[in-house]
Amino acid sequence: MIQLTINGKQIEAPEGITVLAAAKRAGIDIPTLCAQKELAPFGGCRLCIVEVQGFRVPIAACTLPVSNGMVVNSETETLKKSRKFILSMLFSERNHFCPFCQVSGGDCDLQNAALHEEMTYWPMQPAWNDFPVDSSHPYFILDNHRCIVCRRCVRACGELVGNFTLAVAERGASSLIVADTNVPLGQSTCIRCGTCVQSCPTGALIDRTSAYQGHEKAMSQVKTTCVGCSVGCSLNLFVHDNRIVRIDGDWDGAVNHGLLCEHGRYDPMQNTHDRITTPLIRRNGTLEPVSWDEALGTVADKLKPLAGREQAGLAAIASTRLPVEVLAMFTELFSVGLKSKMVTSIEEGMTTAVLNAAAEKHGAFEGKLDVLRNADTVLCIGANIARYHMVAGFLVKRALPKGMHLIDVNTEAGPLDEFADLALKIKPGSDLALINGMQAIIVKEGLGRAALAIADPDAVIAEALQATGLAADRLAFAARMLAHAVSPVILFGKGITAQRDEKQVEAIIGLATLTGAVDGERAGLLALKGEADSAAGALLGLDQPFSLDGQEAIYVLLGDDFASKRLLQKLEKTPYLVVQASYHSALTEMAQVVLPAVLWSEQAGHYISLDGRLQEARQAVHPPEGVRLNSAILAEVAMRMNMPIKQDWQAMIHGRKSSVVLS
Amino acid sequence: MPKPRISTDWMCGCAGCHMSLLDMDERILQVAELADLRSSPITDLKEPDKSGVDVGVLEGGVNNTANEEVARKFRQRSKILVALGDCAVFGGVPALRNFCGVQAALQRAYVDAESNEPGSQIPDDPELATMTKTRAIHEVVPVDYNVPGCPPDADVIFYVLSELAQGRKPELKDDLLHWD
Numbered sequence: 001m002i003q004l005t006i007n008g009k010q011i012e013a014p015e016g017i018t019v020l021a022a023a024k025r026a027g028i029d030i031p032t033l034c035a036q037k038e039l040a041p042f043g044g045c046r047l048c049i050v051e052v053q054g055f056r057v058p059i060a061a062c063t064l065p066v067s068n069g070m071v072v073n074s075e076t077e078t079l080k081k082s083r084k085f086i087l088s089m090l091f092s093e094r095n096h097f098c099p100f101c102q103v104s105g106g107d108c109d110l111q112n113a114a115l116h117e118e119m120t121y122w123p124m125q126p127a128w129n130d131f132p133v134d135s136s137h138p139y140f141i142l143d144n145h146r147c148i149v150c151r152r153c154v155r156a157c158g159e160l161v162g163n164f165t166l167a168v169a170e171r172g173a174s175s176l177i178v179a180d181t182n183v184p185l186g187q188s189t190c191i192r193c194g195t196c197v198q199s200c201p202t203g204a205l206i207d208r209t210s211a212y213q214g215h216e217k218a219m220s221q222v223k224t225t226c227v228g229c230s231v232g233c234s235l236n237l238f239v240h241d242n243r244i245v246r247i248d249g250d251w252d253g254a255v256n257h258g259l260l261c262e263h264g265r266y267d268p269m270q271n272t273h274d275r276i277t278t279p280l281i282r283r284n285g286t287l288e289p290v291s292w293d294e295a296l297g298t299v300a301d302k303l304k305p306l307a308g309r310e311q312a313g314l315a316a317i318a319s320t321r322l323p324v325e326v327l328a329m330f331t332e333l334f335s336v337g338l339k340s341k342m343v344t345s346i347e348e349g350m351t352t353a354v355l356n357a358a359a360e361k362h363g364a365f366e367g368k369l370d371v372l373r374n375a376d377t378v379l380c381i382g383a384n385i386a387r388y389h390m391v392a393g394f395l396v397k398r399a400l401p402k403g404m405h406l407i408d409v410n411t412e413a414g415p416l417d418e419f420a421d422l423a424l425k426i427k428p429g430s431d432l433a434l435i436n437g438m439q440a441i442i443v444k445e446g447l448g449r450a451a452l453a454i455a456d457p458d459a460v461i462a463e464a465l466q467a468t469g470l471a472a473d474r475l476a477f478a479a480r481m482l483a484h485a486v487s488p489v490i491l492f493g494k495g496i497t498a499q500r501d502e503k504q505v506e507a508i509i510g511l512a513t514l515t516g517a518v519d520g521e522r523a524g525l526l527a528l529k530g531e532a533d534s535a536a537g538a539l540l541g542l543d544q545p546f547s548l549d550g551q552e553a554i555y556v557l558l559g560d561d562f563a564s565k566r567l568l569q570k571l572e573k574t575p576y577l578v579v580q581a582s583y584h585s586a587l588t589e590m591a592q593v594v595l596p597a598v599l600w601s602e603q604a605g606h607y608i609s610l611d612g613r614l615q616e617a618r619q620a621v622h623p624p625e626g627v628r629l630n631s632a633i634l635a636e637v638a639m640r641m642n643m644p645i646k647q648d649w650q651a652m653i654h655g656r657k658s659s660v661v662l663s
Numbered sequence: 001m002p003k004p005r006i007s008t009d010w011m012c013g014c015a016g017c018h019m020s021l022l023d024m025d026e027r028i029l030q031v032a033e034l035a036d037l038r039s040s041p042i043t044d045l046k047e048p049d050k051s052g053v054d055v056g057v058l059e060g061g062v063n064n065t066a067n068e069e070v071a072r073k074f075r076q077r078s079k080i081l082v083a084l085g086d087c088a089v090f091g092g093v094p095a096l097r098n099f100c101g102v103q104a105a106l107q108r109a110y111v112d113a114e115s116n117e118p119g120s121q122i123p124d125d126p127e128l129a130t131m132t133k134t135r136a137i138h139e140v141v142p143v144d145y146n147v148p149g150c151p152p153d154a155d156v157i158f159y160v161l162s163e164l165a166q167g168r169k170p171e172l173k174d175d176l177l178h179w180d
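Protein chains in written order, with my numbering: chain Z, 1 to 663; chain W, 1 to 180.
Next comes chain W alone, as it looks inside the complex (with noise of 0.2 Å):
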């Protein structure tokens, strides 16, 4: 039976979910024996195989066209979705930008911030993805597995993975399961 094969990305986040995934340390090589990692963040392969993976992980919400981009290729590549991590389950530290709006946040970031040279511009290259309100991975596309917490533990995140790669569903509860 071929190893089963998953793929990473982060969006709107800060990469520390994919800290806490190298957190777990030697059980790395577990996971590896167990799944092929085809795509991550820290591979050369960037995303999922065309051909489809068994498990797609998401880390960060979506604030832009381009995560929305992301997210829908990786529900379209990936048999289970994962949501990983508060930013990807609920929209997480980045969604206070809800309350002022995108304008206001771009404004401050890169115009009136004290550390902003005078007349610095909201960079407006027609390249850039448009920047939206920032949701939860769920809000754009649908998640069969959310894993909460900022960030979830080493521990949880190699039993997510364990767990999927050996065609088992995750329950997340008591100390695998925490907010914060």
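Just chain Z, same shape as in the assembly (with noise of 0.2 Å):
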């Protein structure tokens, strides 16, 4: 530990870190405008500017390193002078209308600046000069006359995502921001992840939904769990009068540490759906508004008979994007209760079932996202990291500047291509020939980290040629990419796990052995699985395909979830269904009993990450009325066929071996 000196209190700071990052750890409070946690120091602004004892000139605090005996001071008269100046500069470059910007009176970082200096003025007036406001952009606006060109949100698009759509163009007062070469940002490479207009200081990034929706003192912040994927993004939500204004993601967040995508952070903003409020029962072929206790009468009377049965029985499917509490219920109530064999999610386990197979043999095999920050390779597979699953997309775009290496193996041409070092296009289907002809080429050439014994690698390397269409030498690079990795990481999808073959996801686990991806406590391997809750789901025993064979009744609980048209087909001829959603829909019109379900953001409970981390959500808003919880519902149809649910979800999740170490 460092000993200093800052405003004649003495402190202790970790060596390596900066001046600011030791004054705001000590409760210090030290102006800044371009200093943003996660972002790498900048020193743009220069509002943090300290005296140092032995210096000749006041110095910033965000760039300078402590180190022992530094004596600081940031609380002169003189420095106070100098940020006065500063502000008045900045101030003096651009336009800044405070009576109507939205982030005004309390929510700008410029403005509160300049009122910590008890500015009542600007000592220099602007020059009016215009600046280009950019508004083709769905999701915010871009106005260059409240930049301050500090660049968090130019850094948050590239140190952050990965993506480098934002850059600066045009030198000093001129500056401005621009995305990719001077284009509308609605026509540019952004992907819409909102991460600068989180980061912007000022109002510059206008954020359509939110905007002069309040201020954030106004509001209440509820820190919760995204249930958009299985990365489990932490949020934070500011919500009014019942109603979420604007998702943020939480800077705090284990996994995403602030960053989200555009299904997290827009998506939810641009709910149109519409909602079911009211029970709802068919009579003479159509849904008629009914009590609860009719509804939930009807569907016990319904189910309770069918408990058992083998012929004409009972099927249920849930969604994975329920909390484990609700699976747990709906598992115990269907499988324990009900004794229907036919019990599992709308994911049918095509994203876990192959995993938790593979860990009946290797135990937990797979790692942690963080296992990201070191890695020098990766190998993406099967999965498309740029569409779904898209933060853990940022967390290895953002590492390839930094000189990681992304082998993207892929069917289609996608975003990722011009990102990714090697991105190999192969055939559908022939992932595992892939994989065989990579291990093979690592064996023959003598690369290999682990003992592997190929009996003909020129044979396996020709049929993987064969199935892949890949030209040899393209083949050849990856494997030795990978295998001349000092950490590699293999990230895998969809396409791995989807045809239940576990052969692939042996290959899979030998290769990640083989190049020292998975090695004693290091485990480089981890696939992306697909809902909130897909690792719950599985943990639950609620992975099996959804085959039907004239089930009498079928149980169908989505939230806020929706169903594909192949469930869809599935569920077209049967006689007694019952569903259990938040919106109208396709389905709920199939329905012969329809039960309304709170939203997402309405229930509390827990979730399973891709990696397993168990992460709380929090409720932010009530639901409407007449509108139930899904555990409510659960425990309420339960209670009438007196089948009473134990709700001892955390034994349950233990119950079954994971791919993934639970934390």
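There could be a bad hint or two in this list.
[Unchecked claim] Cβ-Cβ distance ranges computed for the label pairs, FRET-style:
1) W/Ile42 with Z/Lys223: 19 to 29 Å
2) Z/Glu625 with W/Gln166: 48 to 58 Å
3) W/Ile42 with Z/Thr189: 49 to 59 Å
4) Z/Asn112 with W/Arg168: 26 to 36 Å
5) W/Ile42 with Z/Arg243: 36 to 46 Å
6) Z/Glu118 with W/Glu33: 53 to 63 Å
7) Z/Asn112 with W/Glu47: 35 to 45 Å
8) W/Glu33 with Z/Pro138: 33 to 43 Å
9) W/Ile42 with Z/Glu118: 26 to 36 Å
10) W/Ala104 with Z/Leu400: 40 to 50 Å
11) Z/Gln213 with W/Pro41: 29 to 39 Å
12) W/Glu33 with Z/Lys217: 43 to 53 Å
[Claimed, not checked] Subject to a maximum C-alpha distance of 16 Å in a straight line, what follows is the list of computed EDC-like cross-link-like pairs (lysine to aspartate or glutamate):
13) Z/Lys80 with Z/Glu93
14) W/Lys169 with Z/Glu118
15) W/Lys79 with W/Glu47
16) Z/Lys217 with W/Asp175
17) W/Lys133 with Z/Asp130
18) W/Lys133 with W/Glu68
19) Z/Lys573 with Z/Asp549
20) W/Lys173 with Z/Glu117
21) Z/Lys37 with Z/Asp180
22) W/Lys173 with Z/Glu552
23) Z/Lys339 with Z/Glu552
24) Z/Lys223 with Z/Asp549
25) Z/Lys80 with Z/Glu51
26) Z/Lys341 with Z/Glu360
27) Z/Lys80 with Z/Glu117
Hints listed in this document are in silico derivations from the structure and should not be mistaken for laboratory results. Every residue, glycine too, gets a C-beta built ideally from N, C-alpha and C.
Two chains, two separate frames, one set of hints: put the complex together.
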């Protein structure tokens, strides 16, 4: 630890951190605009200047590393004057019309800094130069008039997301934030993650939905977990008057460290689906509103006689977008209570079943997403991290400029191609041949880090080339790149798991072992899975294919999820369909009974992320009247059939071997 | 001791700051007890006494030659000049005009606007003041106290006036300092 003094206070700081960070740790406030948690020190705004004993001139605290015996002062009269001058220059450069800016009055770092220095006016008036405003983006507006060119957005786009859409054009006072080569944001390479908007310290990036909806201090903040996919990003919801006004990534989030993708940040805000607010029963072909009592009674009367029946019995299927608690109750009610043989999830274990099967043999063979931090080569196969599990994709993309290599294997062209060192396009269904081929090349060239015997590597390689359609040098290049890596990581997705072919998973574990991706304590192998609670669904055994053989009734626990066309087709001929869902849909149109359930933000519970983190989701808003909790509906149905549910989900998720370490 | 004398006027603003002044409700009686309100847009007397006042309060920025005259007159006749509100302090909303220039703004307002009768003209009566760039008051004459806010709260105005009336220096900070 380093000993130093800031503003007369003796403090300790770990070696290597900056004076600004050390001050923050010690609870000393040094004003700053361009510094932000997660972003590398930049030293752009100069507001954090401090005086250091022995230094000739004031220096920016955000780029100054701490050293032993340092005596720092941030509150001298000279510095206060300098800060006012710096702020005056910032205000003079652009056009800050505070009265009609959405962040004025508490949410603007620039204005707060000026108020902190007790500035009552701008000593230097603006030159009233006109700057461009870009409103071509669906989610936000870029107003360069309000920009201080701190580059937090540019840095967030590059350093955190790895997308490098935003940049600075021109020089000095004419500097502009632009997208790509100065094209409209809406037509740029922007992937709409909104991290730039979350990073902006002024009102220059205007969020279309939350602007002018109130100040942050007037809202409550709810920290919860995103249910968009299995990555498990931490959210900070801004809630006002029982309405989510804005969704931010939680900078303290364990997985995402502030990042979110379009699906996590904006999709829930664009929700226009029609809510179901009362239970419905089909009479004479049309769904009619009924009381909860009648609906639940009808369901219980229908289901109870079907318990344990082999022929014309009962099936149940649930969304894995629901909390573990709900999935556990669902499993207990239908598998144990009603003894149905066909109880599964709408993912049907396509992203998890083979992993759990492999876990029986290998134990928890998958690692944590954190392993990407130190990875030098990533092989991504059978997954599209540019479209799904996007935040995991960001963690990969942002490491590329630091020298990490990416081998992306896919069946078709995608947005990740231009980022990857090697974008291998293979024929559909040839993943296994590719993996085997890579192993064979590594074994043949003696590059393996673990023993593996392959009788005829040349034959395997030839087969791989034939199956994948790749050129020999491309495949060899990929194999060598992975083999030469010091800390390789292999990410894989549905392309590997969906066929339920255990050989594919065995092959990928083999490749991981051969290349040292999995080596003792190190677990550089990770499946991306599917929905928010895919892993929980798998642990609860909700992973068998949904095949029907004349069931009399089917209970669909959909929550706020949506049924695929494939599922709708399967359910078409069901005599009696009970749907527990939030929205009117093609599925509810087929139902005999519809039970209105809450949305993700209206219930509390836990989710198990793709790398096994058991994370809490909190209730942010109250559901509309007439809508009930998913757990309450299941409990009520169970009670009416005299099948009390134990609700011991913690024990239930440990009943099966997991491919990820639960934490 | 005679009560300190106060004059107010508005220039290129919306009168909102004077509305905010009236918003101090019954406390305006306290101000009246402490000070002698000589002139304002809402009194019979419209300009500060030639003999001068102790405190001059100006709302709005300076956007024409008439405003310039008012600003100079207030500066000349006031011991202490207060710029009240964002337009007076920064230029405010009227300063948006500075991006397009006076001529384009007049053209839009008097000729091109959808609500104008066909054939409408920009007024050119020689009696009219000449439009200029919109400026904060401190760009035209020295200002002693800038009181930002759009408008400044009644509490802020009461604080500033009562401090000045009692010969003290108002210090705007914390809750009393806001820019919107």
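Any hints this thing doesn't respect? Which numbers, in order? 1, 6, 8, 12, 13, 21, 22, 24, 26
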